[in-house]
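Engineer: As a plain string of letters, each chain reads:
Protein chains: 2
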Amino acid sequence: MGNLRNPWVLLGILSLSLIPNLVQAEVGSPYAHTCRNKTCVKVERTKLRADETPLSLDVCKLNCNALGALWPKPTGKVELGQEFLSFYPQNVIFRNASAASVEVKATLDEAVKIFREYLLMYHPDYKRDGVSPFPENKEGDNIAQNSLVIDIGTVWDVKNVVLNVDESYVLSLESNNQRNSVSTSIVANTYFGARNALETLSQLIAYDDETNSLKILDRATISDGPVFAYRGVLIDTSRNFIPVESLKRVIDGLSYNKLNMLHWHITDTHSFPFYSKSVPEMTKYGAYSSRKIYSVEEATELVEYARVRGVKIVAEFDAPAHAGNGWEWGPAAGKGEMALCINKEPWSSYCVEPPCGQLNPANENMYQVLGKIYKDLLDIFDNELFHMGGDEVKLDCWLENAEITDYLKKKGKNNTQETLIELWGEFQSKAYNLVKDNQQVKANNVTAIMWTSELASIEHAVQYLPANNYVVQIWTTAQDPVIPFLIKNNYKTIFSNYDAWYLDCGFGAWIGEGNNWCSPYKGWQKVYENSPLQLLSPALTPEEIDAAYKNGQILGGEAPLWAEQVDELTLEGKLFPRLSALAERLWSNPDTNWYAAESRIVQSRHRHVQRGLRPDRLQPEWCHQNEELCYG
Amino acid sequence: MGNLRNPWVLLGILSLSLIPNLVQAEVGSPYAHTCRNKTCVKVERTKLRADETPLSLDVCKLNCNALGALWPKPTGKVELGQEFLSFYPQNVIFRNASAASVEVKATLDEAVKIFREYLLMYHPDYKRDGVSPFPENKEGDNIAQNSLVIDIGTVWDVKNVVLNVDESYVLSLESNNQRNSVSTSIVANTYFGARNALETLSQLIAYDDETNSLKILDRATISDGPVFAYRGVLIDTSRNFIPVESLKRVIDGLSYNKLNMLHWHITDTHSFPFYSKSVPEMTKYGAYSSRKIYSVEEATELVEYARVRGVKIVAEFDAPAHAGNGWEWGPAAGKGEMALCINKEPWSSYCVEPPCGQLNPANENMYQVLGKIYKDLLDIFDNELFHMGGDEVKLDCWLENAEITDYLKKKGKNNTQETLIELWGEFQSKAYNLVKDNQQVKANNVTAIMWTSELASIEHAVQYLPANNYVVQIWTTAQDPVIPFLIKNNYKTIFSNYDAWYLDCGFGAWIGEGNNWCSPYKGWQKVYENSPLQLLSPALTPEEIDAAYKNGQILGGEAPLWAEQVDELTLEGKLFPRLSALAERLWSNPDTNWYAAESRIVQSRHRHVQRGLRPDRLQPEWCHQNEELCYG
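Line by line, the protein sequences give chains G and L. Per UniProt numbering, the first sequence starts with residue 1, numbered consecutively. Per UniProt numbering, the second sequence starts with residue 1, numbered consecutively.
Hint data in this document are derived by calculation from the structure and do not stem from the laboratory.
Remember, identical chains collapse to one label, so a pair may be satisfied in a single copy or spanning two.
Straight-line C-alpha distance at most 20 Å; calculated EDC-like pairs for lysine to aspartate or glutamate: (1) Lys344 with Asp396; (2) Lys127 with Glu245; (3) Lys42 with Glu328; (4) Lys42 with Glu345; (5) Lys335 with Glu403; (6) Lys344 with Glu44; (7) Lys159 with Glu103; (8) Lys344 with Asp391; (9) Lys292 with Asp125; (10) Lys375 with Glu304; (11) Lys105 with Asp157; (12) Lys47 with Glu328; (13) Lys409 with Glu426; (14) Lys248 with Glu110; (15) Lys372 with Glu426; (16) Lys413 with Asp396; (17) Lys344 with Glu628; (18) Lys47 with Glu337; (19) Lys42 with Glu281; (20) Lys430 with Glu337; (21) Lys284 with Glu44.
Just chain G, with the same shape it has in the complex (with noise of 0.2 Å):
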């Protein structure tokens, strides 16, 4: 791990021109920073040491430690030059791969665009608007005559996001003899790990306001891949309705820090905001209102804006609990009801949270309806990774009821516990061929998601979820036993136990009084030293654990952000920076605890703030500004 598997690609040459640190004069305040001892230390500028310059804190953290500001951090070698030389965004010059196709020199282009207008955004200057703040180019500014290239190689023609696609790469930068330009090499498999070097690269890059201009270490070599393929969150439009413009927000966060994977949890019980071509009524009736509905396009733009960033939208279809809202239409009268419960009081006898709804897998109109929203999903959404939800199915909401009474009796069985959960059994059978039948590319095997339940249990997993069919989402605490039960039965896992990793914990209740029911809010470090592989132990060996990872059954972990108390206006703040912490747990699998991440999760955060995000903030500035000083 960590060291590119086949690094035969050529990706990048980046060069350019440098001209030695500039000593300016004061910028009004009395203090600059400089690194001593390996820490950014904030320093009256009349006691700089001679061999010291001032630094701008963002340079100063591009190599003070040994891991400069990289988040997540890599896992393979690291060296940073100790040099800073400056340039200009304008006179980045990029040159697509000549080698490539059509498609890749176009995604390439893209990547490269983005990259362009982080430069402008680490001006505290920049509005946003595309025009930059730096200086123009003129003559007598030895800065502006420097010009940076990229020159990109062939790349392996993958176009999406697929489960274990190499990611990897390895950056390199040196500059010339003359110290007047830097190349850097960037050498990747796919497109992906291209991307991946050049947020790598974008993160070897400050602003500095002793100059008034970029500032790159002169020389880097960086190898680089992630420990987990699997690394996402889940957003929950059903709950609330979350614009689209938002979960492009949420997309450029995940882009950030390397996250790969934006699961969709689209629809629920509370509404269905997802426009079904085939079924129309779905949001018609489901929608909360007719601004709050996500379009065939819309989707599909977002799936390709995913895309361009290295992110996968897997989508979630939960059933057959929670989904009510949107299935109280047809079918026509005598034919029953698809889904059942839709509203039904009180609540909770029916359901985990108002409002109750649960499909009636009795019901053969419902499997009609299901079947075309499943194309529908899929004809926009990933072939490879589907949702499938599974949980929290409450049988009391199938007991009472005559249709599915008189479905068992059909079939010779009494309406019980165990028969139900047969009935469970036999609609997730039927569920799954539907996917399968309604697959678009055909060629790939969608592989169904599920969470932990009855279903997925110890008890009944092995009969009714084939390992061969499933991946199983683990929320449950990290001590629940289903979990080395489910690696030893040979289940793929992706882990989101909910004692570490569910980020919409820790709020006021939303049903009743005091606080909500996964209480306390997990803080960054909570959530980054839950590692998936040392919650296996006791219960697995290192050799199995070892085994369980070589076999592809850790795929990785999610952090889930349901939405109950969650909409546009706060969606960021709770998702940022826990998510970084997340992608390094992921991405990077450390040995180290919470605290030798946080002065570099300081400065991650401070990025994505300079990125236009809307982060959470973690400590006071002084703590920022003075490294180290906040301890415990």
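We have chain G already, so just place chain L on it with the hints.
Structural biologist: Structure of chain L alone, referenced to chain G:
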């Protein structure tokens, strides 16, 4: 309380032409809202009864229950009409008070301008550019022919929010016999009462998507006034800087809730962002950067911005602790240090959180500078209330200092805990006199506010903090025995007990791991039910509590949002809608619990969103659309 004390000023006549309710064709959704049994229910349009009109949710909320969409709930009579009348915002005509002073007229102009924009904001297509998204006036459109006239009568010339300023009003709406106009009469004694009436009036109006117009109640009578005089929030701009534009948005939010105090904790040990024109060294050394300074012009403009919105800015200059960065320059060699322990390590020995810093009470130069800063603050901010801080002095910072030891020795005293308390008392006395000496408006008596502390304690308060000079702000828990002590000893009090009203609690720790010190998060329900009067029981008898209230000793309360983990990016979501819960507690002091207020606070929060604020989400939208069904 709640009845107009002297309702002799007729403030406004508001008349608008009316048309009968239009029942429009379906607008896409099969559902509409209607009012049944005092609850807004979502029903299929085809199932509406003959006597029911399909309503937008916002219109339904206006009068479906006895309190409609009013927040905070009025303290006097509330009568709401059962019919709605349509109008467009462009047809509002305002005639200013002929008898009022030029200054009051100008302020009323501003208040009506703000009110006019609220009307535009209610339209979901409003782009916040001043351009109305409502239909233009056209012949044949009955709604467009109606007009709304606001006539303002005379108003007392009360320039600023002062403690116990009359904020009450009586608001009456009446439609004429032809049902094509309504008159709104606002009766109040001061500008601030009139502004409150306009806020209430705006809560009787909603956008109706059935007719693409605004609807207003055809008649109403509301008599209203606050229970507590002091209703505020604390904003801290030292731990993290908050731009002026964000502070304006907070003030907007206060005005929606009839909160009247913005306690600005402007400086602390971390940074000194207030530009003191007499002592520019303070920001030069103490600001986080030259971009993170409040200029005199900005602060002055903010005071006026707040005044127009019924809010007083109470400036705090915390001392002698919570003062550090910014104080490190001068005086000349041999004259000691103005502040001690600045950024001193290990911080836990010298202060409660990093970085340390405490003024040096033995340093004469410090007092000179302190006097200048007080003058600069009092030139800009309110001269009636001034917060002197006084919390969390750590005597150990002073204990080892030679300057202090020498100073005490000259007075024949040893350097002990008790003599240091005396020294603190001496500092406070000198500082108080400096405030008095430097107040701008000599006619007013500056009332100093102090936090509960070792000085404001059962042991020391009477000796060092005369009850005539000081208001004590209580930040400890509801059980602190100092609370009844202070009341019994004639102190005026402001309640901010952290166990209910600290809005920064419950997030991840910023020192060490786990959750922050005052966890858990205080949900709006907890905020709502924290009653200052109830907190005094059983330590005081009901008669004693009543006497203390009538004697003006229970000024009100304030929710602090300390900013260690807050900046402008997540500020609003941490403040709102919890400040709405605080507002109803302090304006109305309801004898009902949070549950009775739930659907109203959700609607009130929705109105905040319409006005462009970024409050946190309390519930799924389903609960908003399906009132009373998300019960516990």
